[in-house]
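A.B. asks: Here are the chains, one letter per residue:
6 protein chains.
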Amino acid sequence: MGKKFDMLALGEVLLRLSPEGNERLAQGTRFEKQLGGAELNVAVGAANLGLTTGIISKIPSHAIGNYAKREIRRNGVDTDYLAGDDSADSRLGIYYYEYGADPRKPQVVYDRKYSSVNKLSLEDFPEEMYENTRCFHTSGITLGLGGPVRENAIEMMKKFKEKGARISFDVNFRGNLWTGDEARDCITKILPIVDIFFCSESTANLTFGKTGDIKEILKSFSDEYDIAVVAATQRIVHSPKSHTFGSVIYEKKTDSYYEEKPYEKIEVVDRIGSGDAYISGFLYGLLKENGNCQDALEYGNAASAMKNTVSGDMLWTDPQEIQQTIEMHHSIGQDFEMKR
Amino acid sequence: MGKKFDMLALGEVLLRLSPEGNERLAQGTRFEKQLGGAELNVAVGAANLGLTTGIISKIPSHAIGNYAKREIRRNGVDTDYLAGDDSADSRLGIYYYEYGADPRKPQVVYDRKYSSVNKLSLEDFPEEMYENTRCFHTSGITLGLGGPVRENAIEMMKKFKEKGARISFDVNFRGNLWTGDEARDCITKILPIVDIFFCSESTANLTFGKTGDIKEILKSFSDEYDIAVVAATQRIVHSPKSHTFGSVIYEKKTDSYYEEKPYEKIEVVDRIGSGDAYISGFLYGLLKENGNCQDALEYGNAASAMKNTVSGDMLWTDPQEIQQTIEMHHSIGQDFEMKR
Amino acid sequence: MGKKFDMLALGEVLLRLSPEGNERLAQGTRFEKQLGGAELNVAVGAANLGLTTGIISKIPSHAIGNYAKREIRRNGVDTDYLAGDDSADSRLGIYYYEYGADPRKPQVVYDRKYSSVNKLSLEDFPEEMYENTRCFHTSGITLGLGGPVRENAIEMMKKFKEKGARISFDVNFRGNLWTGDEARDCITKILPIVDIFFCSESTANLTFGKTGDIKEILKSFSDEYDIAVVAATQRIVHSPKSHTFGSVIYEKKTDSYYEEKPYEKIEVVDRIGSGDAYISGFLYGLLKENGNCQDALEYGNAASAMKNTVSGDMLWTDPQEIQQTIEMHHSIGQDFEMKR
Amino acid sequence: MGKKFDMLALGEVLLRLSPEGNERLAQGTRFEKQLGGAELNVAVGAANLGLTTGIISKIPSHAIGNYAKREIRRNGVDTDYLAGDDSADSRLGIYYYEYGADPRKPQVVYDRKYSSVNKLSLEDFPEEMYENTRCFHTSGITLGLGGPVRENAIEMMKKFKEKGARISFDVNFRGNLWTGDEARDCITKILPIVDIFFCSESTANLTFGKTGDIKEILKSFSDEYDIAVVAATQRIVHSPKSHTFGSVIYEKKTDSYYEEKPYEKIEVVDRIGSGDAYISGFLYGLLKENGNCQDALEYGNAASAMKNTVSGDMLWTDPQEIQQTIEMHHSIGQDFEMKR
Amino acid sequence: MGKKFDMLALGEVLLRLSPEGNERLAQGTRFEKQLGGAELNVAVGAANLGLTTGIISKIPSHAIGNYAKREIRRNGVDTDYLAGDDSADSRLGIYYYEYGADPRKPQVVYDRKYSSVNKLSLEDFPEEMYENTRCFHTSGITLGLGGPVRENAIEMMKKFKEKGARISFDVNFRGNLWTGDEARDCITKILPIVDIFFCSESTANLTFGKTGDIKEILKSFSDEYDIAVVAATQRIVHSPKSHTFGSVIYEKKTDSYYEEKPYEKIEVVDRIGSGDAYISGFLYGLLKENGNCQDALEYGNAASAMKNTVSGDMLWTDPQEIQQTIEMHHSIGQDFEMKR
Amino acid sequence: MGKKFDMLALGEVLLRLSPEGNERLAQGTRFEKQLGGAELNVAVGAANLGLTTGIISKIPSHAIGNYAKREIRRNGVDTDYLAGDDSADSRLGIYYYEYGADPRKPQVVYDRKYSSVNKLSLEDFPEEMYENTRCFHTSGITLGLGGPVRENAIEMMKKFKEKGARISFDVNFRGNLWTGDEARDCITKILPIVDIFFCSESTANLTFGKTGDIKEILKSFSDEYDIAVVAATQRIVHSPKSHTFGSVIYEKKTDSYYEEKPYEKIEVVDRIGSGDAYISGFLYGLLKENGNCQDALEYGNAASAMKNTVSGDMLWTDPQEIQQTIEMHHSIGQDFEMKR
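Chains as they are written, first to last, in the working numbering: chain A, 1 to 340; chain B, 1 to 340; chain C, 1 to 340; chain D, 1 to 340; chain E, 1 to 340; chain F, 1 to 340.
Keep in mind that the hints were calculated from the coordinates and are not lab data. There's no promise every hint is true.
If chains are identical, the list can't say which one is meant, so a pair holds when it fits in one copy or spans any two.
Stated by the list, open to error - Computed cross-link-like contacts, BS3-like style, restricted to lysine-lysine with a CA-CA straight-line distance of at most 25 Å: (1) Lys-261 - Lys-241; (2) Lys-265 - Lys-241; (3) Lys-241 - Lys-159; (4) Lys-210 - Lys-339; (5) Lys-339 - Lys-113; (6) Lys-189 - Lys-163; (7) Lys-339 - Lys-265; (8) Lys-261 - Lys-189.
Let the hints inform the model, and build the full structure from the sequences given.
C.D. replies: Here it is, written out as structure tokens:
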């Protein structure tokens, strides 16, 4: 398909620290050491499904940055555009994550300020980067970091758009990064160059003031900002260990909606990154050979359901497993317990 | 509120040894090392919620006793009245606990005989101790240890009562410590000085011969022994990993009952200490500034539900989390998955 | 009852490697190291329940074989007929097992070819072995290994039969070892000497071409091959973490069926070996003093339900626990949470 | 060689709890769970080297006792004479062990009082036990437990002696069990029936008032009490992680001494049980086919050196490895790093 | 001795993250989670030896801050003057520590900028704090943090001095916090109010331009700035796992030096905090009843040697153990391996 | 330098399973899961130092193969020429490794027969592979696997040579794969096309019948087979935890030798792969910009010494660390303990 990468994602790489098993953050003597970051998660999931992807970011040059780089490589994501921060105050942002159990909520403690990604500049990357990919993805988290990161992200979006890449954007609203008003003002400015837009129903309501049912909302985004594809995920949280997941997609060119029955009573091992995995599956369904919105729907839903059962932020899977999951989801009475 | 402690609890401190994860006691190569004991659990939970509490007990002076002392301190419970046993046969009582999974029951193996607490004497503690607290708590487990511990516990109750402390007592019947008849004979003798009484419905039936519904039972205890507040927890065990929990309280001075909908389908991580956590929350609701039975009910239920989701005997939480849990429990349709 | 062993089982001993907790095979830095093998599992479970059992197999003489031998002994199974392979290419077969979480299936990767059991020969065992047991058990897995193992297994069956042992056989069809046609051709040849036969409904349908309901199928096997007892387990897989388990037995001499209500919503910790545990319980129920098909049913079902809650392939339990489980299963409204 | 067992050992079985790695007893959240006991260690080591051995003791019938029984079996030691204690206050004695690092000493905390072994009585064992072994071993630890255990141990010694077993006895003086005077008075009474006697030089000096060099001491014991073989181990503790180990043996019938160069700068992983392993090797060297004092010396020293490098109380090894270790110890300039 | 605290220490509380065992920072899947900070380490060590100590600092109010607070309490250090940071960007400073093995050096990666301690202000603490202690301790690390922390630290020193506390100061030069010139200019300004001064020989040379032997240097500091006691530690690093440690003290009032033979070939488990442990022991020796410089020397050296053998930053010990270590260090030929 | 790769290595990829810490293979419940293989180790070490490297091999397509592929990528080695084996009997070879402690030897148990690498064929790789690298490396282990692997390896060597790559070969004699005679016959045939040759002194003596000192031996290989550079490592094994390491190099074009003082008393964490790391450092020193034999010597020795201190087969390091190690090795009296 002509370009070196199917997708490049811009976003912060984070160290994730979780207590073991069912312990609380203030208990115990060990942390599980994992890597995350919304856009990185999307790139990893898509790479595991078969796309050629890379991450655009900036991380410390020291041993902890080295850990991050190795983990990214392990997951098959290219690090050519992963800039190094050699300064004395370089740091990898951290988030602490505690698993929940009903009625105890999962808990996130962020320690991501002043991290190396905030020093990222356009000069860190060669000009040919913009010509090298079929799709560029980033999210509202990157914009929410504010300052030069926000400006550079918007500038990058424009440059990728100019060079012919499709622009994918996930609102991913985080109340701890910015207010709803700030988010709306910023995002509505970049929406006209977005081709693929992800926004949850509640964010559409609360942040963008959208009303009506989810289908009306999706179409209204598409109409208002001329967006080719708009998608919303639908998650029902029965408890921290049991979710139901589905999604709706609107495609402008055919003026049609895509839906299927949700994955019910998912046995949630780790819900972090399951929204990102949806985008991984979605973009794979769209960008693979003969990709289309129906495939985006099916791969997106299956990838997200699968991610919920995998420890860590990232979708560890392979195309066969997702394909099989889709088939089982659609089959009637032909399920099997396991192959052996 | 004038005194150094809001609550002092008397009881045995136990080392708890559990196999890791889902292993059985006879499997594996490691034990999880934790600290427990019914009354200590109450003091810890109340301390985490904001009361100033201390433990009255006796532990070995050697390294294992040192472990216990450090754990108690870590949980914010005062150790001024934690006597040390320097003798050659000092020992910390132990219980082995194995988690269950339906249809396999959880399993407890006790090894608590001859432990240092049995050498506790009134001389181990200064007289001013009795003036230093607003509330004294102990349970039927302490009485069930028998011998001098039982006598000293009863003597302490009287001395605390004299000095103006409210006396809190949890029946906590353990068939492995004494018979129902022994328990009834002993407990009915001390009930006249009890101010706050906790007794489960089944124990009321089987041990105290009470009949009628739970409300009648609660009132009958209050009437018969002139007890200010009587409470009963109600636990439905769907399986070792799924419980429903609620309670009923009777308050003598207003002749009224307090109830709310139970916490349903709690995702049980560790059920041990959840009854003790109820008492922690209850006493916090009653003893905090402007405390009352309604708060006792709400904090008690929430604390117990929360404890079931926390590994170990003890309630690791903070007042904000319990407050938020209560709000979610009472809210309609406004739940959130997690804050981030 | 006159002979040294109640039961001897022939089959491959396998090293099982699983990632920790909810990790995937390709994740993490450690494997749980366990021992398994269908027939060994049967021998272990039966030994834990009270039968005197032994394993007939061949394992390497090196340190990994030594690990296996020690684990077998720990579980109370005799190793007198466990031959050692001193050759340079001796190896213990391996299987990798990954736990599932809905919608992710559990996963098995086999690496069992060329293992030492394939070199097993009749010369490895003394002639008196055949006189030493009341029952001989093996399964379709052993026949499916093919080559000399299959021939030797059939030869052993005949020799044990001659010496008066009852022959127990579990179809245990594994599509990765042989085709359904191969299995049917081979198994139907040995069925005439089988006394106790285990076959699932789906295998009866697909492999043996049986039609009708499960009772008709069981009876048809018994009629056709003159088999004293035929049993089928019935498992409903709600999800990888929730199963329902029951069974049906047909006894020829009384022309009667044995059934009871299934164990519902078992909290599955590890489903591997739960079919083998059924046979352990079944054979214990049949072979113990005053054993009969009703006991076989009850012990079989309880043993399998219990096994699902225990980590590893093997049934770690004791007779009291299984007895108590059966009583609880049959009791109405008298359940208890745990004893303490 | 005619009898069922080469050796039966009488002694307490202990649960050993150690913190992980270099942690202190009061640190951390896990204990390593192991099994120990001086005489059991001797039986295990000897079994691993090739003798047929069994343990005579009494342990609880509950899950922790079950753990012990399984571990003993795993190590190849017979449990026919392992009595079960069904009483409510049955308990397995415990010792907590913390590894040292210079200048920090290793630390032992005992919690072994009131354990089930103290209820052991002669009625727990069949009369034929006394005829079933070529050698009976016990130690001063068993005598030091006092009470009925001491009396029964002495009675057993006499009965085994009558039935023709050689009596092996290790002083193993423990200052926390009895005083030197008590030990001397008790032990000198049983020495006349002892055939193989182990006593360290310092204990010979301090407890038995022996003077002179170690060879004179050994001979004086032999002369005074008519003991066939007397041995003393010699350990130099450079630091908790570095020991040098050797021994001297005196044989009465040849009036000769056996010595060899010590194992120097052993890299100590776990020194517990290394004295017991010496006795394992010693007895193997003496009791194996064509055994003699020279073999006792070489196997004893190698077994002890090897044990120091193995985690836990017990000697996990095999005859080939010990044989190879002896050869390397005696070889000059022909060492190899490892075989591959 | 009249005041509530023997010692209060001002300094940053740090989360320490280390890979397990011998892993590198970029390897593995877990971090050991520990707490550290030079001045906190001093307070903990002194508390474990018997002084009443507290920490002056500021930490986040969230779960990670809660972890820190609990760990501090566990170690017996008072948290009355531990201010909470409720702001959205509160953070606990972190350092990553990798153990070394010759020729690989241990490695430290700091991530401590922008942490909550930098927001500490004098208003966070009540005025009576300054009257409540016999000794105030801080170090060059606190001054090196710069900005308001440095100013507040100097102001606190003055206020404690005014209220009669002895001022203890450890240079603890860290090249990653400030340059030698900055350090010298700042420290020489506060030296006139310092009573107890710790400075290594190399820092005296390089940073303060001192020449001559260590005794001359110590005396010159004392003379120049009128300091009552000046001490220097002497560490020889044979390898990351083997150190030799000793110290020299100069006391002004007697114009005398204190020295003893060093602890040789310490088996280093974790060298971090061993310098702080020296100060713990030193201050205990000086501030305890009848304390003096000779005791300061002996307790300081023993505490540091001991700390090197303990995992984590902090000295987990008790007075008896240190006392025994000192005795063994001074004894000739009377060492013992362990007590049991 | 014109080509895509600096080095491509051909060899088997192995799963390595080791017990935790100091446990023996037959003990414990977990295996450490790591990846190894002599030639892969060389490629990884060289990649960590800065060369662009890839591995030529064949691994299973299933989850265990996926694990291997991810680990290789994590270490920065290209997987373009890592063929996948989709067959039902695909397997990743395994070796079990147990650490030693004097006098216990480290132990290796191989289970590598029938692995997927044995199915490797020239058709698995594109012709352009041979033009894409500056250097090709393989070892006697690959030749020792025999059969088609040996033939293909020799054919590949020739094709790489034709295309201008330098041929690097390490004898790496393994007695468990082939005899010395087989090895000599095979290797002497390929030596004429080898440019860089690694052979230990003992192998030169025993296998190739070389006599004289190591310098004479190196030169004789170079003269006889026209080899540009010949190197021999020199390891002194003081104990499993303490080695001394150095090497000698002969360069034909200058007829000169390269030597330096060895790294003494290395604190060995894991000696496996330290020989391979020598080659990594050697090839980096030779192939980097302005590389030469002096750099090969210094990087080779430092890389090997460093590897001994790192857990696992592979050299986890970075160029700065090795550079610093070399500087410290050559410095006199200017060492530092760590930077902070």
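A.B. asks: All hints, please: hold or fail.
C.D. replies: Here's how the hints hold up against the structure:
no., hint, result
1, Lys-261 - Lys-241, "both (20 Å within a copy, 22 Å between copies)"
2, Lys-265 - Lys-241, "both (9 Å within a copy, 12 Å between copies)"
3, Lys-241 - Lys-159, "neither (42 Å within a copy, 49 Å between copies)"
4, Lys-210 - Lys-339, "between (47 Å within a copy, 22 Å between copies)"
5, Lys-339 - Lys-113, "between (47 Å within a copy, 18 Å between copies)"
6, Lys-189 - Lys-163, "within (20 Å within a copy, 56 Å between copies)"
7, Lys-339 - Lys-265, "both (22 Å within a copy, 22 Å between copies)"
8, Lys-261 - Lys-189, "neither (34 Å within a copy, 48 Å between copies)"
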